Amino acid sequence: MAVTGLLLVLFLVAHMLGNLKVFTGETSFDHYAHWLRDIGTPLLPHTWYLWIQRTVLTVAVVAHIVAATVLARRARAARPVKYAHRKKVQGSYAARTMRWGGVIILLFVIYHILDLTTGHLNPQGDASNPYGNVVADFAPERWYVTLFYTLAVVTVGFHLRHGAFSAFRSLGQQTPKGERRARTGALVLAVALCAGYLVVPFAVLTGLVS
Amino acid sequence: MNLTLRIWRQKGPEDKGRMVTYQVDDVSPDMSFLEMLDVLNERLILAGEEPVAFDHDCREGICGMCGLMINGDAHGPQRGTTACQLHMRQFSDGETIDIEPWRARAFPVIKDLVVNRNAFDKIIAAGGYITAPTGSAPEAHSTPVAKANADAAFESAACIGCGACVAACPNGSGMLFTAAKVTQLSLLPQGQPERYTRVIGMVDAHDEAGFGGCTNAGECTVVCPKGIPLNTIGRLNRDYLAATAKRGDTPGT
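Those protein sequence lines, which keep their order, are chains A and R.
Counting in the numbering used here, the first sequence runs from 38 upward without gaps.
Counting in the numbering used here, the second sequence runs from 156 upward without gaps.
Check each hint, because a few of them may be wrong.
The list that follows gives simulated cross-link-like pairs (lysine-lysine, DSS-like), each with its CA atoms no further than 27 angstroms apart [claimed, not checked]:
hint	chain 1	residue 1	chain 2	residue 2
1	A	K125	R	K171
2	A	K119	R	K277
3	R	K381	A	K119
4	A	K124	R	K266
5	A	K124	R	K401
6	R	K166	A	K119
7	A	K214	R	K302
8	R	K381	A	K124
9	A	K214	R	K166
10	R	K381	A	K125
Keep in mind the hints are simulated off the structure, nothing from the lab.
Note that the structure is predicted; figures quoted are calculated from it, not measured.
Could you put the whole structure together from the sequences, leaning on the hints where they help?
Here you go:
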């Protein structure tokens, strides 16, 4: 869980920084999107790097889900008779929504790929003009798309708030001081990623990017 | 105080079990929770009924025998307190209190509120020992121990093995217990020879017993009557990673 999760976090950071290029204008953003396909050239042929990254990420996502499923099944088997009176988990909201939050994130990722990678669910869906796709996607009359993106990104934020701390703990973070740091770091990471991801659709919604 | 109790009654391991409602009147707020159950049992015996079976021994909060899920809280609403040390003043007159046994596959119910915690003994047997010459006591200063390590080891050694961590864990994991038993030895010089076989052996025993996996939810440390901190599990994780890197999967002997 920890290793695959941290790998996915690295991707999330890179993806967010790439998204922010939208504020540098249409030419720059589209150039960035096309450059992604040329990373590693001429050593690697066109789009090879991208496919290597996609393969690694897919393996990480699948391994992450397999590990989560194993844990969930073990948890279910470990308590065959449920409590008649069960309080809510006293730990954080983030900790107790990890599993269903993860399912929501998976559904969102599938939608997101169909929307802005393949373009099938995008109103424009022009692979040569990602800037236009983004602007068309988050247009004010498609407010429900922005709403869904917001909910999904906030879910990712909650997932990271517990997940990042938990990953450090699994990898051997062992002191109370370090625990406070890891928890604070996870919270900062979650908030920063949420803000970085949400600023793009809201910029389009408010007309800042058009 | 007059209370309504809903208590889990189960005749034996094979019985299905059910919640049964009892009325207990004239409870003193100065009674402990177990004394309140004693009062109920005396009345049940006088009425010719089967008394409620529950575990208890020292009633001083140090033996780890008592363990009740009280209104969904392991050991009841007061933090850092075992059920035997819980006073009835924590409850209000007329309240309905749900009392259930620990729920875990590794802790099968023997009768009513009594569960079998042999799984914990198996975890301890898998690595809860050191190699030391017996005989006269060694010179106290011959093995220096850093104060911070001594304190952290003592914190872990405070574990009384009551099982509240398992009972409260959303995953039914016994990792806080296992971590306490691993680190109370692995932090001290005397525990070094078996350090890495210990952690693998104890985690294997934990998993074999049918406990769930830890997801760092942090529920265990909240209900722990001895306040074993959550970072104890981090110490176990670090030892486990080092052990698997060093020794492959050689378990403890």
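> Do the alpha carbons of K381 (chain R) and K124 (chain A) lie within 27 angstroms of each other, as the hint requires?
Replying inline: 21 angstroms, holds
> Is K214 (chain A) within 27 angstroms of K302 (chain R), Cα to Cα?
Replying inline: With a Cα-Cα distance of about 17 angstroms, the restraint between K214 (chain A) and K302 (chain R) holds, given a limit of 27 angstroms.
> Is it true that the CA of K166 (chain R) sits at most 27 angstroms from the CA of K119 (chain A)?
Replying inline: 18 angstroms, holds
> Between K125 (chain A) and K171 (chain R), is the straight-line Cα distance small enough, at 27 angstroms or below?
Replying inline: 25 angstroms, holds
> Hey, K124 (chain A) versus K266 (chain R), does the alpha-carbon distance stay inside 27 angstroms?
Replying inline: 24 angstroms, holds
>> Hint check: K124 (chain A) vs K401 (chain R), CA-CA at most 27 angstroms. Holds or violated?
In response: The hint is violated at about 41 angstroms.
> Quick one, are K381 (chain R) and K119 (chain A) close enough, alpha carbons at most 27 angstroms?
Replying inline: With a Cα-Cα distance of about 25 angstroms, the restraint between K381 (chain R) and K119 (chain A) holds, given a limit of 27 angstroms.
> Going straight from one Cα to the other, do K119 (chain A) and K277 (chain R) come out at no more than 27 angstroms?
Replying inline: 24 angstroms, holds
> Between K381 (chain R) and K125 (chain A), is the straight-line Cα distance small enough, at 27 angstroms or below?
Replying inline: Within the cut-off at roughly 22 angstroms; holds.
>> Against the 27 angstroms threshold, does the CA-CA distance of K214 (chain A) and K166 (chain R) hold or violate the hint?
In response: 48 angstroms, violated
Violated hints for the displayed structure, listed by number in ascending order: 5, 9.
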